[in-house]
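A.B. asks: The lines below spell out each chain.
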Amino acid sequence: MDIPKDRFYTKTHEWALPEGDTVLVGITDYAQDALGDVVYVELPEVGRKVEKGEAVAVVESVKTASDIYAPVSGEVVEVNTALEKTPELINQDPYGEGWIFRIRPLDMGHLDDLLDAAGYQEVLESEG
Amino acid sequence: MKKTPLYQAHLRHGGRMVEFAGYALPLQYTSIVEEHLAVRRGAGLFDVSHMGEFLIQGPEALAFLQWATANDAAKLKVGRAQYSMLPNARGGVVDDIYLYRLAEEEYLMVVNAANIAKDFAHLKELSRGFAVELTDLSEETALLALQGPKAASLLQGLTDADLSQRKKNDVFSARVAGRPARLARTGYTGEDGFELFLAPEDAEAVFEALLGAGATPAGLGARDTLRLEAGFPLYGHELTDDTNPLCTPWAWVVKKEKDFHGKEAMLATPCAEKLIGLVLEAGIPREGYRVYSGDRPVGRVTSGGYSPLLEKGIALAYVEKGAQEPFFVEVRGRKAGASLSPLPFVPLK
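Quick mapping for you: the protein sequence lines, in order, are chains A and C. Under the working numbering, the final residue of the first sequence carries the number 128; numbering is consecutive throughout. Under the working numbering, the final residue of the second sequence carries the number 349; numbering is consecutive throughout.
Just so you know, the hints here were simulated from the structure itself, not pulled from any lab data. Warning: the hint list may mix true and false statements.
[Claimed, not checked] With a Cα cut of at most 20 Å, we get these calculated SDA-like pairs of lysine to any residue: (1) LYS85/A to GLU311/C; (2) LYS335/C to THR22/A; (3) LYS335/C to THR64/A; (4) LYS321/C to GLY214/C; (5) LYS335/C to GLU45/A; (6) LYS124/C to VAL48/C; (7) LYS335/C to GLY119/A; (8) LYS85/A to LEU246/C.
Based on the sequences and whatever the hints tell you, model everything.
C.D. replies: Laid out in structure tokens, this is it:
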């Protein structure tokens, strides 16, 4: 499984990529593979204030629905509207075109509480 | 967990194994949507060896089956098959089944994997007083389903039978990839196709030969989305021990002009609910989600999922008999508009 080193991760399989004073959020290659064909994404409203760990979006695959949690507290400032028509972008390019929402964190420093690529790798290994 | 004779073959082809009715079976090999579309447009190959097979033989085999099943078994000529149901004493459904007439006094019944023990005990009990012998062949039978518009042409290259002479619901013996097989032009996907009954030791060779000829291996995930899109019931969801089949779109199976076990109770039970098909404006409905008529809760989803052909969420749902549009399905706290759909959800041949 691909785990880019340029970003942070959560134990719940989200990634968080800092860009200026915002953070782009999506799900990992492992998560999209486990879900299978993504067929619908429920996006949050822009402007919504979210707490770290709060369910912000829902990714539905043929098999199941999966909550996507905010990796940090802040405000949703942008959502990936391309997913409304082409939710399969999450399968095809989970770390790029398949991003889900953008948060402006209360504090960029909170990213340091997340896992780095090596830490996330360990999470995956422990899940077997 | 039990393994089918194709367990190793599933692993070799990248099957993601899950537990289903006590068996390890592939949920998918590559993608449920791809496998679904392969069946709608080409030919997909399923391992359905987990399903149960009972042999029913004897001079009173027909009389017994007329009593035990809801459809008219007397209509079956040798070499023909029909969809049917096993009613219980309350007029509910023990199982939905496929019945094949193999010879004058010999029938094969295919039943759902989860119901094998229940069905066999039920049939055994009902068979008292009939000159009939029941044999459970489930453990000695491998079953493949080759389904899709290209199934016949693909299979023709591997068999000595002339498939152009075989109609829907025909059952016959032939060799496939050199192995003896019983073939039936049946299936549960809404497509043309064949089911192949095989000895366990022949299953892998035939499976590989069909894949080699171009069939796409397809798993349980696609099997479920295909049957849902085709508007077919799944036992335990749309049909249960407490379901009156006369209140469903499959009431045609029940032949009221003949006598059968549970008939009086079935006819005496009024329909409080009806089963409908719904297509959602947004979101994917799942089993158990609540259905509304306007603001009023009127029922629940029994099977829900994604239709790869419509590219929308679809559901089978039981609602109050008089419930009218506009319908909504509650998807995680939000009400999604749902339009009434005829079954099947998509036009099928």
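A.B. asks: Which of the listed hints are broken here?
C.D. replies: Hints 2, 4, 6, 7 and 8 contradicted; others consistent.
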